[in-house]
Amino acid sequence: MTVALDAVPRIRRGVKCTYDQIREAHVVLFPEGVLVLNETAASVVALCDGVRSIGDIAVALADEYAGVEPGDVAELVARMVERRVVDVHG
Amino acid sequence: MAEAPFGLLAELTHRCPLQCGYCSNPLELVRRDAELSTEDWRRVFDQARALGALQIHLSGGEPLLRPDLPELVAHANSLGCYVNLVTSGVGLSRDRLRSLASLGVDHVQLSLQDATRAGNDRIAGIKAFDRKVEAASHVLDEGLPLTVNTVLHRQNLDNVAGIIAMAERMGAERLELANTQYYGWALRNRAVLLPTREQLAAADPVVAAAQERLRGRMEIVYVIADYHEAHPKPCMYGWGARQLTVAPNGDVLPCPAATVISSLEIENVRDSSLHDIWHHSPSFNAFRGFEWMKDPCRSCPRKEVDFGGCRCQAFQLTGDAAATDPVCSLSPDRSTVDLILETEMAPAELPVMAMRKMR
Ligand code: SF4
Ligand code: SF4
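So the protein lines, in turn, are chains A and B. Take the first sequence: its position 32, counted from the start at 1, is 32 in our numbering, and no numbers get skipped. Take any residue in the second sequence, count from 1 to its spot, add 90: that is its number in our numbering.
Keep in mind that the hints were calculated from the coordinates and are not lab data. Be careful, since some hints might not be right.
[Said to hold, decoys possible] Partner residues aside, some chain B positions facing chain A, computed with beta carbon under 8 Å:
no., residue
1, Gly142
2, Gly170
3, Thr237
[Said to hold, decoys possible] Sample of chain B residues facing chain A (criterion: CB under 10 Å; computed from the structure):
no., residue
4, Asn174
5, Leu236
6, Arg264
The beta-carbon is built from N, C-alpha and C at its ideal position, and this holds for glycine as well.
Construct the complete structure from the given sequences, taking the supplied hints into account.
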C-alpha cells in the first residue's frame, strides 16, 4: 500500500509506545505482539498523533535527522499500517 | 544465549465455568489448592519483565475466577507490560471490566464457541452466550480493543459465516478463527471434532471473502486444519523463541501444550528463576534452533518457515518429540494421520463429546 503525503496517521487504539530498558530500544506493544523500533521509526510513530500529516511529520523531523524525506516517512507509515500499529485518515 | 522472550502466557487458574471439549488445558487440570499465590505471580511477572517480556496474557481457565486478578493486572501494568485479558466473558460485568480497565488491562480476548446461542451453549456446556454478548458490549463501552476467538471443528465449521457476522456485531477489531489443534482434551475428543474435507472446502472461500470485505475494519486470522494439509503449521516462531507459559501450579512451559510431551522435564517457578529456566533448562533448549532435527526436516528448506512443525503433535502421534511433524507429507509417519482421517472423519456413529471437567 502507499500513503499520501497529506494523509494523517494516528496510533491505533490499544497500541502502546514505550521504551524497553531491557532491550534498550523503543517498542510498540499491541494485541498481536511487539515491534522493536529503531530511532527514526520511533520518532515517526511518536508523531502519529491524528493531527499531523505525513508532510508535517517530515518537516518536524528535519531538524533532528538531516535528509528525512516525506517519501521515507510515508513508506515507514505504510509499514506500520500493515502491522496495524497506526491507521491513516485523509 | 537465547534471545529474550516477548510474552508471558500466565495461566492463572485451570478453573473455568465452561467445559469446551477442545480445551487447550491439559487433561490433568491443576486444582485450586495447587495454584500459585498472589505473591508468587507477582514474582513471576517481575522475573518475566526482567527477562524481556513486554506482554502479559492473563489467561486460564477463566482468569476472572482469581480474586486477586485486579492486583495482578495492576502489577503487570506497573511493570510497563501490555496486559491482555483472555476470558470466556462469564463474570465480566460492566463494573468489573471498568475497574480492570482502570487498573491497566489493554486488550480483551473473548472466546465465542459458535454463532448462535444454542450452538454456543451446547459446546460451552453452560449458558454463556448472552453473557459473552454483554461482556463484548462492556469492552466496547470502555473503549478497549476486542479480539474474538473461535475454535473451529466439525460442530461449528458450517456456521463460519455466522460466527464472522457475530464477531462483527460484537464490535471485534480482530477475529481469530483457529481450527482445533489436537492435544489433551481435543485429542481425546478428536473423533467428534475433526472436520470433513467438504466442510473445510466450503469454509475456505467464506473466510477469504470476509477477510477481503472487512479489510481495515476487522482483521480475520485463520489457523489451518493441519491434519488436512501437506505441510505443518509453524511452531510459534520456533520452540523457546518468543514466549513462555506459566501454568497455574508454576510449571514453566516452552509452549502451552508442552505437558503432553511426557518425556520433557518441566521446571517450576517455585524452584528456579524464569531467567535460569528460559536460558538454561533442558526443556527450553530441547528444540531450539535446528540442531535437534532429523531428516527429512534437517535437510529441508522449509525448516526455516515451519521449524519442523509441532513438537507436541510429533510426540503424541509418533512417540518421538524430535520427529518430523507427522502431518507433513514428507514425514515417514504421514500414514498415521491419513489413517486417522479415514477412520475418524466418517464414523458410523458420532461419539459423544467428553466435556472438560476437573476430576
Ligand atoms: S510445539 Fe506444537 S503446540 Fe507447542 S507451540 Fe509449537 S506448534 Fe504449538
Ligand atoms: S520435512 Fe520438516 S521442515 Fe520440511 S516441510 Fe516437513 S515438517 Fe517442515
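When the nearest CB of chain A is found for glycine 170 (chain B), is that gap smaller than 8 Å?
6 Å, holds
Given hint threonine 237 (chain B) near chain A, where the shortest CB pair must fall under 8 Å
6 Å, holds
Return the status of the interface hint for leucine 236 (chain B): holds when the least beta-carbon distance to chain A is below 10 Å, violated otherwise.
9 Å, holds
Holds or violated: the hint that asparagine 174 (chain B) contacts chain A, with Cβ atoms closer than 10 Å.
Cβ of asparagine 174 (chain B) sits 7 Å from chain A, so the hint holds.
Arginine 264 (chain B) as chain A interface residue, shortest Cβ-Cβ below 10 Å:
7 Å, holds
Interface hint for glycine 142 (chain B), Cβ within 8 Å of any Cβ on chain A:
Result: holds, 5 Å to nearest chain A Cβ.
Hint violations for this structure: none, all hints satisfied.
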